Amino acid sequence: MISSQALGERITSIRKARGLTQAQLASKLGVARTTLVAIEKGERRPANPELVELSRILTVSLHELLRPQHTSAEVAPRFHLPAIPGADPEDLRQAAETLRTMARRFVELERRLGLVRPPAPLETVDTYRVHGSDGDGALAPRLAGENAAATVRNALALGDGPAVALDERLAVEMGLRIFYLDEIPAAAAGILLWGEELGGVIGINRRHPHERRRWTLAHEVGHFLRDREAGDVLPSAGHQRRDAAEVFADAFASCFLLPRGGIAKQFTDRCRVRGGAFTVADLLSMAALYEVPFQSITRCLEELTLLPRRSWERITAHKSGRGGMHREPATLSQAERPPGLPSRYVDLAIDAYAKELISEGELAEYLETDRVSARAFYHQLCRKDLGDGIEVVLDLTEDVLEAA
Amino acid sequence: MKRSLVTDASCLLNLLASGRVDEILDVLEVELVATPHLRGEVLYLAGPRESTGAVTKERVDLSPLESAGLLQIRPLDEAALEHLVRCSEQLRDAAAAGVALSAALELPLATDDGRQRNVARELYPRLELVSPLELVRPAVERLGLDHAAVHQLARDIRLRASFLPPKRDPHREWFRTLLDEPDT
Chain S
3 MISSQALGER ITSIRKARGL TQAQLASKLG VARTTLVAIE KGERRPANPE LVELSRILTV
63 SLHELLRPQH TSAEVAPRFH LPAIPGADPE DLRQAAETLR TMARRFVELE RRLGLVRPPA
123 PLETVDTYRV HGSDGDGALA PRLAGENAAA TVRNALALGD GPAVALDERL AVEMGLRIFY
183 LDEIPAAAAG ILLWGEELGG VIGINRRHPH ERRRWTLAHE VGHFLRDREA GDVLPSAGHQ
243 RRDAAEVFAD AFASCFLLPR GGIAKQFTDR CRVRGGAFTV ADLLSMAALY EVPFQSITRC
303 LEELTLLPRR SWERITAHKS GRGGMHREPA TLSQAERPPG LPSRYVDLAI DAYAKELISE
363 GELAEYLETD RVSARAFYHQ LCRKDLGDGI EVVLDLTEDV LEAA
Chain P
55 MKRSLVTDAS CLLNLLASGR VDEILDVLEV ELVATPHLRG EVLYLAGPRE STGAVTKERV
115 DLSPLESAGL LQIRPLDEAA LEHLVRCSEQ LRDAAAAGVA LSAALELPLA TDDGRQRNVA
175 RELYPRLELV SPLELVRPAV ERLGLDHAAV HQLARDIRLR ASFLPPKRDP HREWFRTLLD
235 EPDT
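In order, the protein sequence lines correspond to chains S and P.
Following the numbering used here from start to finish, the first sequence increments by one per residue and tops out at 406.
Following the numbering used here from start to finish, the second sequence increments by one per residue and tops out at 238.
Note that these hints are calculated values from the structure, not bench results.
Since this is a predicted model, take the numbers as computed values, not measurements.
A portion of the hints provided could be inaccurate.
Mimicking DMTMM-like on lysine to aspartate or glutamate, the simulated pairs with C-alpha atoms at most 20 Å apart in a straight line are [as the list claims (entries may be wrong)]: (1) S:Lys357 / S:Asp397; (2) P:Lys221 / S:Glu76; (3) P:Lys111 / P:Glu77; (4) P:Lys221 / S:Glu367; (5) S:Lys357 / S:Asp387; (6) S:Lys357 / S:Glu367; (7) S:Lys357 / P:Asp223; (8) P:Lys111 / S:Glu367; (9) P:Lys111 / S:Glu11; (10) P:Lys56 / P:Asp76; (11) P:Lys221 / S:Glu66; (12) S:Lys267 / S:Asp349; (13) S:Lys357 / P:Glu143; (14) S:Lys357 / S:Glu404; (15) P:Lys56 / P:Glu83; (16) S:Lys18 / S:Glu76; (17) S:Lys357 / S:Glu400; (18) S:Lys18 / S:Glu199; (19) S:Lys43 / S:Glu55; (20) S:Lys357 / P:Glu176; (21) P:Lys221 / S:Glu55; (22) P:Lys221 / P:Asp200; (23) P:Lys56 / P:Glu77; (24) P:Lys221 / S:Asp397; (25) S:Lys267 / S:Asp401; (26) P:Lys221 / S:Glu199; (27) S:Lys267 / S:Glu231.
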């Protein structure tokens with residue numbers, strides 16, 4: 003049986019999570035405030051009817067109140083939910099609560115199985131931690147973020163290649179608990195929580211595209227490395243604030259997912275094959291290889307001065323707005339990549355078709371499909387959703403280097 | 055008197071997807087001609103999605119068009135073989151056959167395929183090339199379809215044939231404008 007003191011602490015914790023004062027809960031329970039204080043201190047055990055009523059008022063099961071094994075799932079006190087433009091604060095609060103609940107269940111499962119989770123290798127890395135108000139120490143936040151990315155890449159033995167199997171690796175090497183949630187409102191991309199018992203918990207908006215989710219994950223890992231107690235809520239539109247924490251997390255995500263050495267080599271190799279050209283199709287291919295948003299790879303190449311400045315703006319100049327073809331049924335937007343065919347083979351077939359070097363019938367033959375499906379796949383590649391109802395139609399054959 | 059056009063699969067799929075291929079051909083007084091290769095190329099149109107979300111395919115049946123005298127399948131004769139061999143150096147058989155038949159019969163070729171058009175232009179500079187929208191647009195105007203019907207026709211071509219006009223098509227903006235209009 004749970005002790006009166008533990009029960010009292012649990013009631014206090016849940017009351018606070020529900021945003022109730024002692025006076026409010028006491029009123030709802032029909033007892034004096036002093037009585038509730040005594041209950042919460044463990045000096046008085048609630049009667050059975052009172053327990054049932056507390057369960058109802060606090061919207062928690064009796065089992066949750068009374069079971070011996072319990073994970074407090076407290077989140078670090080410094081975490082707070084910021085106001086996110088376009089997000090209902092209550093939706094955000096519930097999303098954070100859902101994340102906390104799922105993380106608690108995770109911990110409870112471990113305990114039920116008698117598993118003691120030792121600190122993961124990268125969990126205890128202190129190099130990039132900000133302690134109190136001492137800032138980032140000697141390194142500027144951007145450099146620190148880039149350095150942290152290199153450190154983590156080395157630790158995960160990723161070399162210069164794409165970061166694969168991220169979830170599993172981060173779970174093992176950083177002890178992170180990563181969930182993909184529908185409950186996160188559209189205006190938010192991800193949430194980072196941390197607690198003594200929970201460890202690092204990351205919730206990612208499951209409705210976002212795969213590449214966007216990866217970016218969010220990497221961004222939150224950056225926050226975890228730097229200041230996990232503060233946590234983070236990443237708006238879908240990106241942070242407007244440019245404080246040290248955000249600069250660090252952005253730099254970490256960018257360099258972790260797009261290792262500069264590997265990116266430069268990929269770019270050079272592709273240019274060499276094309277006799278000095280680098281097309282939009284190459285950009286899409288690199289984005290797919292590194293599993294990052296199309297814009298991210300373009301900006302990275304601009305930053306490395308491998309692409310002219312404002313290449314992104316030029317490539318995406320042809321946009322269609324809301325209510326247009328992007329409102330088509332998903333029939334067309336989900337034409338799948340032909341299974342069993344090498345990526346480069348498919349890329350070459352698409353490239354040749356775009357340049358009218360092969361016919362539509364040949365494209366269908368190369369892709370082992372019928373003409374209409376081949377068309378659907380081709381058009382899907384050419385159309386990129388920039389978010390917020392804006393689509394861009396790409397010319398896959400456009401030489402980005404020539405267009406400047 | 056009806057005008058004959060040789061059609062490639064790329065054009066015929068779009069006309070079939072419109073759901074009004076017989077009306078379009080009737081009002082234009084056009085009869086389509088094709089080689090037997092067409093049967094192996096015009097196979098499916100996109101159908102409705104299943105409850106699982108999977109895309110369905112609808113098998114194409116050309117027999118109604120043939121029965122109505124709107125589509126004639128003609129094997130290549132000996133005279134056309136020389137053209138076929140010439141075209142086959144650069145095109146697959148089906149695409150080559152279309153150009154060959156068109157050259158042999160001295161009929162325009164209705165096709166949207168960029169590769170096929172380029173080779174046809176190179177080998178037969180005087181051959182008239184017709185795009186699908188060059189048939190659809192005037193047909194729609196002659197049929198006097200109302201705005202909603204034209205919009206639906208465009209959507210059907212877009213969705214069922216996964217068609218988007220290439221940049222070179224002079225009717226591209228017309229078609230895209232139809233699609234960008236909200237549903238009525």
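Practice item. Could you check the structure against the hints above and give me the numbers of any it violates, in ascending order? Key: Numbers 2, 3, 4, 5, 9, 11, 21, 22, 26, 27 - these are the hints that the structure violates, sorted from lowest upward.
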